[in-house]
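Peer 1: For the sequence shown, this note's numbering begins at 1 and goes up steadily by one.
Hints in this document: simulated from the structure, not taken from any laboratory. Treat the hints with care, since some could be wrong.
[What the hints assert, rightly or not] Below are the SDA-like pairs computed for lysine to any residue, each with C-alpha atoms no more than 20 Å apart in a straight line:
1) K35 / P101
2) K16 / R6
3) K35 / V24
4) K116 / E178
5) K139 / K153
6) K7 / T80
7) K116 / T80
8) K7 / R17
9) K116 / N61
10) K116 / Q46
11) K116 / V106
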Amino acid sequence: MHLLARKALETYLKEKRVLAQSDVNSQMLTYTTQKNALFVTISHEQKVIASAGRIQCQKENSFQECIDLALLTLKDPRFTTNFQNAEELEKLSIRVDVLSPASRRVLSSIDELDIKKEGIIFLSQNLGVMSIILPNMIKNDPSPEKYFELACKKAGVNPADLQAGSYVIYGLSTEISEG
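Produce the entire structure from the sequences given, and follow the hints as far as they go.
Peer 2: Next up, the structure:
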């Protein structure tokens with residue numbers, strides 16, 4: 001799936017048009033029969049410079065969702081700061097995480113998080129915030145606590161201010177395609 005995201009970015013940046021089904025090989029067309037939530041993450045030298053994703057597929061299928069999210073990464077301010085022209089695209093690493101409905105499970109404690117396989121969804125309806133940290137995104141000494149702290153920080157919440165029952169955490173596993 002990362003090849004589809006890369007092709008969508010290349011087509012848009014070099015030709016100023018959105019990738020169409022007629023532009024891709026038959027293997028990429030298999031995504032037209034799937035409908036999964038996705039996250040597209042772009043990195044340069046192991047540093048995330050752009051990301052876009054949804055916890056539910058908003059487009060007709062995974063093919064369209066991947067193209068839409070790849071193009072949304074172009075609006076990430078980190079992308080425009082770190083990326084100057086289409087020729088630099090080959091230097092970037094693109095990761096697509098595919099979520100299926102069965103990929104989430106409610107955790108009663110952050111200690112239940114399997115950091116080798118899962119990321120985290122932090123949700124507080126009381127505060128009106130949500131954040132997601134994908135699997136394997138914390139490279140230096142990952143721990144369940146670090147995932148929780150990062151998810152809270154991303155949501156703009158101080159973990160010390162949280163009260164029991166004011167939030168829900170989910171373990172999130174994904175299928176990763178990257179290159």
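Peer 1: All the hints need checking, so say for each whether the structure fits it.
Peer 2: Hint check results:
1. K35 / P101: With a Cα-Cα distance of about 10 Å, the restraint between K35 and P101 holds, given a limit of 20 Å.
2. K16 / R6: holds (14 Å)
3. K35 / V24: holds (18 Å)
4. K116 / E178: holds (17 Å)
5. K139 / K153: holds (17 Å)
6. K7 / T80: It holds: about 19 Å lies between the C-alpha atoms, which stays within 20 Å.
7. K116 / T80: Violated - the C-alpha atoms of T80 and K116 are around 32 Å apart, more than 20 Å.
8. K7 / R17: holds (11 Å)
9. K116 / N61: Violated, at about 29 Å.
10. K116 / Q46: Roughly 18 Å between the alpha carbons, so the hint for K116 and Q46 holds.
11. K116 / V106: Answer holds: K116 to V106 is near 17 Å, not above 20 Å.
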